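Protein chains: 2
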Amino acid sequence: MPLTYTPLTYTIDAELGVARRGRIDLPHASGEAAVQTPVFMPVGTVGSVKAVPQEIVETLGARVILGNTYHLYLRPGHELVRRMGGLHKFISWPRAMLTDSGGFQVFSLNELRKVTDDGVHFRSHLDGSSHLFTPERSIEIQIALGADILMVFDECTEYPADYARTRKSLDITLAWAERSKAYFEAHKHEVPWAADFAGRTQSLFGIVQGGMYPDLRRESAERLVAMDFPGYAIGGLSVSEPRHLTREVIEATLPHLPKDKPRYVMGVGYPEEIVEYAMMGVDMMDCVLPTRAARHGLLFTSEGRLNIKNRRFAEDQGPADPECTCMVCRRYTRAYLRHLAASQEPLSMVLNTIHNLAYYLDLMQSVRQAIAIGTLPSLLARVRAVARASAGPIATHS
Amino acid sequence: MPLTYTPLTYTIDAELGVARRGRIDLPHASGEAAVQTPVFMPVGTVGSVKAVPQEIVETLGARVILGNTYHLYLRPGHELVRRMGGLHKFISWPRAMLTDSGGFQVFSLNELRKVTDDGVHFRSHLDGSSHLFTPERSIEIQIALGADILMVFDECTEYPADYARTRKSLDITLAWAERSKAYFEAHKHEVPWAADFAGRTQSLFGIVQGGMYPDLRRESAERLVAMDFPGYAIGGLSVSEPRHLTREVIEATLPHLPKDKPRYVMGVGYPEEIVEYAMMGVDMMDCVLPTRAARHGLLFTSEGRLNIKNRRFAEDQGPADPECTCMVCRRYTRAYLRHLAASQEPLSMVLNTIHNLAYYLDLMQSVRQAIAIGTLPSLLARVRAVARASAGPIATHS
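Residue numbers (my numbering), protein chains in the order written: chain A, 1 to 398; chain B, 1 to 398.
It is worth saying that the hints were derived from the structure and are not from the lab. Possibly wrong hints are sitting among the right ones.
Identical copies look the same in the list; a pair holds intra-copy or inter-copy alike.
[Stated by the list, open to error] In the DMTMM-like style, the derived pairs of lysine to aspartate or glutamate whose C-alpha atoms are separated by at most 20 Å in a straight line are:
no., residue 1, residue 2
1, Lys-181, Glu-136
2, Lys-89, Asp-316
3, Lys-188, Glu-158
4, Lys-188, Glu-303
5, Lys-261, Glu-251
6, Lys-168, Glu-15
Small disclaimer: the values here were computed from a predicted structure and weren't measured.
Based on the sequences and whatever the hints tell you, model everything.
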């Protein structure tokens with residue numbers, strides 16, 4: 001019997017209004033180890049969740065992390081990763097992974113990019129060399145990397161963009177989604193680990209675009225759903241639009257996505273945002289915020305955000321977060337974390353990142369529990385209350 | 001009965017020629033957890049073994065690490081560390097520590113220092129502020145930091161230095177050793193953890209100076225021994241003298257140090273050097289080499305030194321060191337370590353440092369075993385043979 005190469009399965013096991021708790025079963029996260037949703041996915045741009053050994057990312061409970069197609073294509077190169085057996089083996093991460101399509105980085109890291117119907121010409125931010133990403137090329141690269149979930153190649157519309165520009169960009173993106181899917185269907189048996197999971201392969205997600213225009217978002221969602229993907233992302237957010245717009249676009253889009261498929265909002269967000277989006281029915285999120293903020297000394301805690309470099313922590317013998325049980329909070333004081341940050345010791349980013357990831361991953365654990373027992377609104381209220389005590393924006397994309 | 005405030009105890013349990021295997025029993029490393037010698041002590045200059053969480057330094061088997069009086073005095077300040085309960089509590093390191101006196105850093109990091117009979121006037125390398133270290137001040141700071149072993153304040157003679165200059169420097173250093181000891185004896189009950197180890201306190205080591213002149217080294221050793229310290233260091237080495245001179249000075253000095261006290265050579269060395277010095281009868285060594293080299297992509301292995309950034313490792317699926325069982329060698333490939341280094345990912349220095357420390361600590365474990373079973377000469381021959389395949393100097397001081 002020929003192999004059918006099936007994608008993920010998604011199961012809902014609890015609901016609270018439109019919020020849902022569920023499980024995504026993937027080749028590298030299956031059965032008891034399936035990805036529990038709503039999930040926050042730590043970002044490992046260049047094949048590493050910055051500064052944290054994989055052993056510790058595992059201990060924190062992460063079951064799926066991101067890799068970045070644009071960065072990994074440039075360095076070390078997807079063909080090398082393929083020869084090493086795929087990204088899981090190359091970086092020694094046995095659990096699930098997701099790669100974005102590279103569309104966002106081509107958009108955000110390249111001032112000189114040129115978009116045609118065929119694809120995007122861009123220059124490497126590393127050495128200025130010229131490259132072309134087409135939908136086919138992006139999927140070819142993502143198959144070589146071999147993440148459990150890969151994303152269609154899209155154009156991420158800048159903000160602000162007028163209606164005509166957004167309309168045109170959306171048409172390109174939808175055509176690219178078709179081409180991404182066609183290429184994937186023809187090549188999905190080529191993933192480096194095909195032999196290890198007979199009959200299971202990667203899952204290709206569609207990406208809803210349409211800028212800040214609800215009608216375009218709706219059209220984008222409907223036309224993608226007609227193409228039938230195993231999961232759908234909402235892209236084109238966190239592009240410096242005001243936060244209320246982010247929420248409005250998510251709210252306007254979600255009703256047009258099928259209930260029985262995972263819904264992924266890309267590039268978000270602050271703790272109070274990810275809890276809110278989960279309550280709105282979002283299943284997957286990713287963001288560089290906890291890891292990037294950590295490297296700048298910003299800690300997320302149950303008492304709000306702390307700038308650990310602040311002198312007021314110089315003799316604070318308490319843990320970063322008194323409610324946290326991560327390895328950092330169990331062992332080290334704010335005074336020590338403050339000293340490491342003030343002295344620019346490399347251990348500072350290691351420990352800060354571990355704590356921030358623990359905070360985000362524990363928060364999602366609380367979200368999942370709160371969906372099951374019906375307390376999500378009060379959890380959101382609590383997270384919002386501590387957020388109000390804190391302030392200041394941080395860039396949220398890699 | 002009044003407390004006597006006893007220093008360390010040192011016990012020899014095996015000998016091979018002049019080499020010896022033993023145990024140093026310290027307040028934070030006693031009984032079964034005593035420091036086993038010959039020992040290599042990882043350097044934690046500013047209160048952190050750079051880039052590695054204390055949990056992992058423990059797992060690697062380190063029982064004693066260094067702190068740096070000069071650096072910690074400037075930041076976060078010894079009074080703060082004292083208020084936090086001492087360095088062990090401040091950095092959350094429950095095992096033994098040793099602080100140097102600050103003499104070496106005043107010498108190496110300050111071009112404008114001014115030495116008088118009283119002490120050294122210097123400017124902070126951080127902000128240019130003026131400071132004075134005297135023997136009394138150095139010991140006061142080191143008591144506040146509260147390491148298990150502290151060092152007399154000394155002048156580290158530069159290389160090259162003529163006989164008259166070295167003679168004069170030695171006289172100052174010996175006078176400072178007396179003053180260091182007098183201050184320590186009068187204040188040794190003030191260590192922050194005095195109450196936790198009733199009757200036990202810090203141990204003050206003397207430091208032999210005398211430049212590259214065997215007769216001055218001998219005189220220095222004899223006059224220090226007359227002062228009766230619980231351990232003796234050989235300082236003033238690794239100051240850019242040729243390596244054969246380092247060995248000659250150690251060789252000329254050791255016979256003048258008591259056999260029943262630990263002997264510590266400061267700031268050494270390469271793997272083949274630390275094995276050789278252990279064979280010559282040295283018990284303790286420290287060096288920034290394994291940690292600093294790691295941050296530059298240089299790995300020490302049973303096959304010699306590797307520059308992991310080298311393109312030849314780009315697709316090498318083997319571990320950094322096939323004979324090593326550290327967490328890095330068990331999990332990650334040379335190809336991945338090469339990618340991390342080439343991409344300047346922060347995880348690169350974390351993993352490289354862990355491996356290099358594992359290599360050094362495992363090597364000392366082999367040295368101790370080889371002393372007991374009589375195979376130290378063949379171990380040295382093996383380590384030298386792989387070293388010959390490698391080359392290139394690395395700065396060895398923090």
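Verification of the supplied hints:
Taking CA atoms no more than 20 Å apart as the test, Lys-181 paired with Glu-136 passes inside one copy only; the shortest distance there is 9 Å, against 75 Å between copies. Taking the shortest Cα distances, Lys-89 and Asp-316 sit within 20 Å of each other only across copies (13 Å), while inside one copy they are farther apart (42 Å). Taking the shortest alpha-carbon separations for Lys-188 and Glu-158, neither the intra-copy value of 31 Å nor the inter-copy value of 66 Å comes in at or below 20 Å. When the C-alpha separation of Lys-188 and Glu-303 is checked against a cutoff of 20 Å, the pair qualifies neither within a copy, at 46 Å, nor between copies, at 41 Å.
Taking CA atoms no more than 20 Å apart as the test, Lys-261 paired with Glu-251 passes inside one copy only; the shortest distance there is 17 Å, against 74 Å between copies. For the identical chains of this complex, Lys-168 and Glu-15 are neighbours neither inside a copy (37 Å) nor across copies (82 Å), given an alpha-carbon limit of 20 Å.
Hints 3, 4 and 6 from the list above are not met by this structure, while the remaining hints are.
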